[in-house]
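There are 2 protein chains.
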Amino acid sequence: MKVSPDLANGTGGALADPPSLVSAQDHSGPLHHGGRLRAAASHYGLALDQWLDLSTGINPNGWPVPPVPASAWARLPEDEDGLEQAARAYYGASHLLPVAGSQAAIQALPRLRPPARVGVLSPGYAEHAAAWRVAGHAVRALTAGKVDQAVSTSDVLILIHPNNPTGAHFPLERLLAWHDQLAARGGWLVIDEAFMDTTPDQSLCILATHPGLIVLRSLGKFFGLAGARLGFVFAQPNLLARLEWLLGPWTVNAPARWVAQAALKDSDWQQRERPRLVAAGERLGALLLRQGLAPQGGCALFQWVRTPQARDLHQALARQGILTRLFEDPASLRLGLPGTEVDWARLEAALARVVEEVKP
Amino acid sequence: MKVSPDLANGTGGALADPPSLVSAQDHSGPLHHGGRLRAAASHYGLALDQWLDLSTGINPNGWPVPPVPASAWARLPEDEDGLEQAARAYYGASHLLPVAGSQAAIQALPRLRPPARVGVLSPGYAEHAAAWRVAGHAVRALTAGKVDQAVSTSDVLILIHPNNPTGAHFPLERLLAWHDQLAARGGWLVIDEAFMDTTPDQSLCILATHPGLIVLRSLGKFFGLAGARLGFVFAQPNLLARLEWLLGPWTVNAPARWVAQAALKDSDWQQRERPRLVAAGERLGALLLRQGLAPQGGCALFQWVRTPQARDLHQALARQGILTRLFEDPASLRLGLPGTEVDWARLEAALARVVEEVKP
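In the order they appear, the protein sequences are chains A and B.
Numbering that gives the first Met the number 0 applies: residue 0 is where the first sequence begins, and numbers increase by one.
Numbering that gives the first Met the number 0 applies: residue 0 is where the second sequence begins, and numbers increase by one.
It is possible that some hints are incorrect.
Computed footprint of chain A on chain B; a stretch qualifies when at least three of its residues, placed anywhere within it, have a C-beta under 8 Å from a C-beta of chain A [unchecked claim]: (1) 60 to 74; (2) 94 to 105; (3) 222 to 228; (4) 251 to 261.
Reference excerpt, derived from the structure (chain A facing chain B, CB under 10 Å, subset only) [claimed, not checked]: (5) I57; (6) S70; (7) A73; (8) I105; (9) P248; (10) P254; (11) R282.
Just so you know, these hints were derived from the structure itself, not from any lab.
The model shown is predicted, which means the values in this text are computed figures rather than measured ones.
Even for Gly, the Cβ is constructed at its ideal location relative to N, Cα and C.
Work out the full structure, taking the sequences as your base and the hints as a guide.
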C-alpha cells in the first residue's frame, strides 16, 4: 500500500492516493468503530431489530427529542441562534465552536499546525492518531504510564479523558503540569472529553482560554445524540477562528443545533441522568465480574474487559445477537450499557452461556 | 491581509494564518451568503418574525418533514441505510456519495488535485473559486461567454448550472464537448447542479461515471431542506472513494439521512412541485417586470435583476422587512420566491414603493 509523498511529508495539499490511507498507518483495513450494526446484522445473518447493540458508549436512554420545528429543516443554519449561549452555560466556558461531532475537530486540528511531534494516548480512540499521521505529523503511541516522560519531547499531546476504551483518567494537577510544559514552547494539550459529562468537575473546558489547551466535548454519548453529529471545541478565540474558517460555513445541521440547544438547557434531565448513568456503569461492572470478566477499567457509559478470549467472546455474543466492540491490541472488549431491564437480563444470560463456551 | 505561503503555494498542510483568508481573495470581508436573517434583523432593528426572507433560492414550501424516529438521533449514522438507494433512484445514477451539503464537496474537491489551472464561471456561487484558491490552484473567473475559449488552457472547469445568480445555462452538447477536451488531458469538469431539480433532463449526473466529470446536487433548494445539510457528489467510483476518505466518517447527520431518504422517494410531491415552482419563478419574473425591474435571468427558484440601483433597492426593501441578496459585481439583486399569497402581495406593494424611492 503506497503512501502519497504529499501526505507522508505533511504538505497534504493534494491527495492523490487511494482512500485506504488511514488504514495503512495503523490497521489492515479502515478504522473500525462501534455502532456498525448493519454490517454485523449482515455478517451474522440476524435481522437488525433482533440485536442488542452494546458496541458503543452511547447512553441508551438519551435525551428525549421533541418534534423539531419545520423551519429548522428549511433554513440554513445560523450562528448564535441560541446554541452557543446554551453551550456556554452548560459547559461553563466562554469560548467555544460548535462542530459536526468531535470527529470534525479531530480531522481539522492537525491541519492547523506545521509538522510536529505528537504523543497520543494508546490504546485510545484511534481517529486522533490517524488524523495527525495523515497530516504529516510524527505520531507516537503512549500508554497512560508513559505520558509523563514523553511530554518533554512532544509538541502536541492528545489525551482521551476519561480514556476510551480503558477508562484511564489523570489527576487535574498532572494535566495542568503537562499543559504548562507544552504551552511554554508553543505546544498543545488536546483533551477529548467525549465521556466527561457524568464527571463535569474533572473537565478542563473552562480553562481552555489558556494558550495551547484545546478541549473537545460531544453531545453523542451522555445525551445519547450520536446521530446529531454535534460537538464543541474549547480553545483560545484565535485558534477557534482559524478552525471555524478551515471547516467552512454551515457545518452543523440546523435541526441538530435546535435539538442540542434544548438538551443543553434541560438541567433537570441532566441532573437525573448523571447519577443514573453512574449507577448503571457500576451495575455493568458488577454483572461482568459475576461472569468472571472483571473489567480493567471503564466509566459510567462503558466497561472495558481485557482478556485473551476477547475475540471468541465477541463472536459468541454476536451469534447471540449481542454486539460488543472488539479491540485487538490489547485483546479486549468494550461493552456499553443495556437500556432496559429485558436487555440487562439478556446480556447476563448470554454472558453466562458464552463464558462457558469460550473457556480455554 | 497576509496570505500564508503554505496556502499560496498550494501545499496547505498547516494553516497558520487568520481565518479571513478566503475573503482576502475576492472580497473585503468573509464571503456573504443569503439566509443571514439574524444579522439583517439585528442590523435593521426589525424582529426576526417580521421579515420576508427572499435572500436565498430555497423553496419556501419545501418537502413537509414528518417526525423523525428517535433512533435517528440516538445512533451513529450508517452508510447504505436506504439513503444511497433512494438517491440512485431519484437521480438515475449509480455512483454517488452523500455529503454534508454541496459546501462540503466544494471545500474538499480542490484538495484532491495538485495545483491546477482552474476556470470558474463568474458571477457565480463564490465558494467554488474561494476553495480552489485556498488550496493553491490558479483560479480564473470566466463569464459565460468566455468559457469556451478558456477550456483549452484550463485543467479544471467549474460551472454552476443553471448558474446562481444569473440563471445562465449551457447546451448539453457544449458541456459534453468541454468535458471531452478536459478529460482527454486528465482534467475535470465540475458542475454544481444545486438548482437543477426542476429541469432534471438537463442534469449530467447520470453521465458522471465518465472520468473527469463531477456533478454536485443538493437537497437544499428544490426540496427546501437547506437546514439538513445534505447533498450528493456524482463521479467515478475511485474519485468518490478518495473524497469519502478525505471527508471522514459520519459527515451527514442521521436525521438528515432519514429525512432525505423519504423526500427522495416522494415522487408524488416531486411531480406536483416541479410545475408549481416553474410557474412561481415565471410569476416572480412577471412581477418584477411590472415594477420596471426586468430580470436578466433566473430559474424556477430565483430571479436575477441587474441594475445600478441594486444597493439602494436592497436597503430600501430591507427597511420594509424584505431581505434580498445583493451582489456588488455586477451590481444586482437576487430574489427568491415568496411562499404565500400574503408574501407575494407584500413584495409587490413594497417594490412599488421602493422603486419610486430609489429612482435616480
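Hint check results:
Residues of the region 60 to 74 of chain B lying with their CB closer than 8 Å to a CB of chain A number 11, which satisfies the three-residue condition for coverage. Counting residues of the region 94 to 105 of chain B whose beta carbon lies closer than 8 Å to any beta carbon of chain A gives 4, which reaches the threshold of three, so the coverage claim holds. Against chain A, the region 222 to 228 of chain B contributes 6 residues with a C-beta closer than 8 Å to a partner C-beta. That satisfies the three-residue criterion, and the hint holds. Check on the region 251 to 261 of chain B: 6 of its residues sit with their Cβ under 8 Å from a Cβ of chain A, so the three-residue criterion for coverage holds.
The closest approach between the C-beta of I57 of chain A and any C-beta of chain B is roughly 7 Å, which is under the 10 Å cut-off, so the hint is satisfied. With a cut of 10 Å, the hint placing S70 of chain A at the interface with chain B holds, because the nearest CB-to-CB distance is about 8 Å. With a cut of 10 Å, the hint placing A73 of chain A at the interface with chain B holds, because the nearest CB-to-CB distance is about 5 Å. About 8 Å separates the beta-carbon of I105 of chain A from the nearest beta-carbon of chain B, less than 10 Å, and the hint is met.
The restraint placing P248 of chain A at the interface with chain B holds, with a minimum CB-CB distance near 6 Å, inside the 10 Å limit. Because the smallest distance between the Cβ of P254 of chain A and any Cβ of chain B comes to about 6 Å, under 10 Å, the interface hint for this residue holds. About 20 Å separates the beta-carbon of R282 of chain A from the nearest beta-carbon of chain B, more than 10 Å, and the hint is not met.
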